[in-house]
Amino acid sequence: MTGEQIIFLIVGAVTLIAGFLVVTVRNLVHAALWLVATLFGVAIIYTLLNAGFLAVVQVVVYIGAIAILFIFAVMLTRRQAAETGPAMNKNWWGGAVVAVLTFAGLAFLLQTWSGFSKTAAAIPSGFDAVNQLGGALTSPAGYVLPFEVASVLLLAALVGAVYLAFNKK
Amino acid sequence: MTFWNDPLKVAADWLTGIFTGWGMPSAGAHVLVAFLGVLMLITILMVIDIFLVWIERKVVARFQDRIGPNRLGPFGLIQPFADIIKLMIKEDTTPDGADKVVYNIAPMLSMMSVLILWAVVPLAPVMLGVDLNAGVLFIIAAGSIGTLSIIMAGWSSNNKFSVIGAFRQVAVMVSFEIPMLATLLIPTIFSGSMGMNAIIQSQDIWFFFLSPLAALIFLIAAIAELGRAPFDLAEGESELVSGYNIEYSGMKFGMFYAGELLHAFTFGGFWAIMFFGGYRFFGLEKVSPFLAIAIILFKALLGYWVIMWVKYTVMRIRIDQMLAFNWKFLTPVAFVLVMVTALMNALLDGAPSWLFVTGMILSNVIVAWVAMEFVRSAAKQEREKVEVPKQVAEAHH
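Protein chains in written order, with my numbering: chain A, 1 to 169; chain B, 170 to 566.
Take these hints with a grain of salt, some might be off.
Unchecked claim - Below, in silico cross-link-like pairs of lysine-lysine (DSSO-like), each with a Cα-Cα straight-line distance of 30 angstroms or less:
1. Lys227/B - Lys255/B
2. Lys480/B - Lys549/B
3. Lys259/B - Lys329/B
4. Lys329/B - Lys255/B
5. Lys168/A - Lys497/B
6. Lys168/A - Lys269/B
7. Lys168/A - Lys549/B
8. Lys269/B - Lys329/B
9. Lys497/B - Lys554/B
Just so you know, these hints were derived from the structure itself, not from any lab.
What you are looking at is a predicted structure, and each value in this text was computed from that prediction instead of being measured.
For reference, chain B alone in the conformation it holds in the complex (with noise of 0.2 angstroms):
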């Protein structure tokens, strides 16, 4: 075992022996590695985090027609650290009346549930915090920490608009985690197991290819629970002002909004790791751990830019409409689509590869027709309700 292939245990063997050299008991050299091992783990994330504000800024910028950051430093490069000086330096205001103790945590809590994310993300195959036989599941807990830190940040600014914000971004939040876990089921239905190294070990062909639905309708929901365009009913500017955070300034502000592009960022790297393979490619990952991190890396990086890609093209829909969307479109659809998969997988148990893979496809287009067809004859009695003429009062003289 050499650090090219396994550097972690490397890292961590060596330190430990540092740390037991040192007369600490082997049980505490332990802990100590492990905590080093979180805290280098975070910092990287909160690296990437930072130019994740220029990529943002760029990629807006370009699907604008703009430019973007160019004036500091190389492609404006240095934008995102003159940015957090300005957060940093910015007066920290408390409203009146504020929850004091509520309305710190939130911030917080709403940062924290974004990290946890990466406790089960295998960035290589020898390299993830920790492989929890229950980690499609442990993403929606700690989606449910993050809804609870944005109702605490909404609640404690004492303030109508956050409220009302926090009550639709809750809203939304809530309801989308339920096809987000019916579509987490297919890629385990495939491989027999929740844990996510399992999940992209038995990928040899992508789910992304046996289940696209089940694909579109994650991606859908993860758009959804990151409150992002067409769903960032929370930021409804005309009437909201900003959602829940109004009354954040300064680095409070600055840390939900470094949370959401890492966790649009983290959610880019669950739709690879659910649906394209993860850090697998073509073998390539079997090379070094360090390439399979660039593969993971690359493809979170590409899901990322497909929910910056809809966020700046498609535009906010109503919260009546959403909500419908969900309950009476998506929900009933996920739940057909993971029936139709586990029903189809014991079906078609032992067949050959290309028969596999052709009975899914099939099965999932047709779930896909079915479930337009029903939109479409939904929308035929809406645009019949607004059709018929009104009848008008005649107009008294």
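Extracted from the complex, chain A is given alone in its bound form (with noise of 0.2 angstroms):
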């Protein structure tokens, strides 16, 4: 086993306790918390797939922006931070079996795939991830029309968040 499987492991352990831990915590803000966590294992298995600009810009938006945004919401909206009702509600089983089947559906699709066993091709040196990024979502021939496609609908929610909380004198 090489470091990097034992990094992997270990990263992969934690996120998976975190993002348990989220949905299982009584007290909101520890659950936000552990969200946190969550999120930033995930940053730690982007850098292992050599995808360093993923990374940092899942810390700036999940942990700086969306994290920081729960803890607010969950600080503003209640008096206290500890949940008091019940947990589950009597479906609970219904979501653990949707949420097995997805996983497995998912390994199965992956496991056809025949690029699931294969070890990565070492990245060339001077390859520079972000550039190619950057090309990949402004060419014609790569991605921009999903990309500008994603920028509208980011904008108009933006658009209507504001009407929406606009005060109408």
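Once you've looked at the hints, go ahead and assemble the two chains, each given alone in its own frame, into the complex.
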């Protein structure tokens, strides 16, 4: 086993445990903090996959913005941070079945993919991943259309949020 | 290759040789040497941090027409060590009802968010932790961990004042991240890379001379990110006592305080790297890496001095004024500046350097002038609103 695999197993286990704690701890602020730990674990996995840019973006967007927003929302809307009601309703087994089936389906699909059991080719020296990503997102031969559509969607969501919050005089 | 040309590599090779000589596998030896390098960098930074306390106290004294620490040792140089001993032997209190784990993690996270920044700081052409190709974004990512530490500290202290202080501080940090990121894109446009070393290497002309407005906006956003005056709303003494760190005592408070000073010094360094050529100074950096380190530390101290100069000169502003200033003025100006710079960079591609510099400065001046015109008209409206005499109700006899 290589060092990279050991790190992957540790990080993967920590991420899974943290993800499990997000949905099981009673204190909502603690849940948000465990969510931060989960997202951080995902960022480390990006780093292990040589996707440094995505790892940094993961931290900026998900920890710096979204997790902070969650914590703000919990603190501003609740007097008690701890949840008092039951954590599960009577449909919990249905959710569990769907989750297991989804995992099994994804695992089956990946099993049929030829690259599943191969080791990744070494990245050539001087390969600039950020440059490649930028080129792919802006070239017409690449992903410029989906990228722009996603931007317009986000802009529409932004305008909608401002409209809803706008105080009509 | 000698020790004077590439000290880190020579030292690392020597250590790896020793470790493998002891029968350690070479991969393990590499990890151990890298770990020792990180440990050394952090130790040096913490020693610098001790003296930053002294520098801060001396400089604030001069600004306030005092002498500052002068009793312990020459020029009061032993004062910070006395401060540390005091912090160490103080009682370590934990407030009633505090969330103990979160409460204890927060100061560590705060210090960590500052130390982690030095992973991407190039001290010399050959001396840097990692030449990350997303180095510019890394600054913002580390800042978001700092934001998290503050909200954790404020919430876990079980104190209303600390929560309000944390809210204010986080509001400042989250909103000023945006103009900071926008202005960090300007060195990226000029150099064509987000790596720190590439940005420094392409500064044959300091980026300050290409985009002084971006340098100014970056400085303002950095001061806000640091939570220093005029943006130190978390520390409204009159209404909040001391903000998110009220309940912390001893070395836990010391971690926040030392973290803030080192953060200010670090952002002085980033200001130098992004806009003032980093370790470059008329080719002196090519003579020896040690000279390069001296140059970048000197520039970082100058940047730190400017930040202190602002802190001890300008008064604190209100939170609504600050948020309005960021969202209605700084953010739009920063975005317009990025667009104009990108456009001018494309238009002047291949132009002689005198034309490039003139065009860039002119576009900066025009953006600044238009922005100031907007401010002028907004201020005029505000003034007119205040100046209209209010209808005073007739007094009934």
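Hints, one by one, checked against the model:
no.	hint	verdict
1	Lys227/B - Lys255/B	holds, 19 angstroms
2	Lys480/B - Lys549/B	holds, 28 angstroms
3	Lys259/B - Lys329/B	holds, 24 angstroms
4	Lys329/B - Lys255/B	holds, 28 angstroms
5	Lys168/A - Lys497/B	holds, 20 angstroms
6	Lys168/A - Lys269/B	violated, 44 angstroms
7	Lys168/A - Lys549/B	holds, 25 angstroms
8	Lys269/B - Lys329/B	holds, 17 angstroms
9	Lys497/B - Lys554/B	holds, 19 angstroms
In summary, the structure is inconsistent with hint 6 from the numbered list given earlier, while agreeing with all the others.
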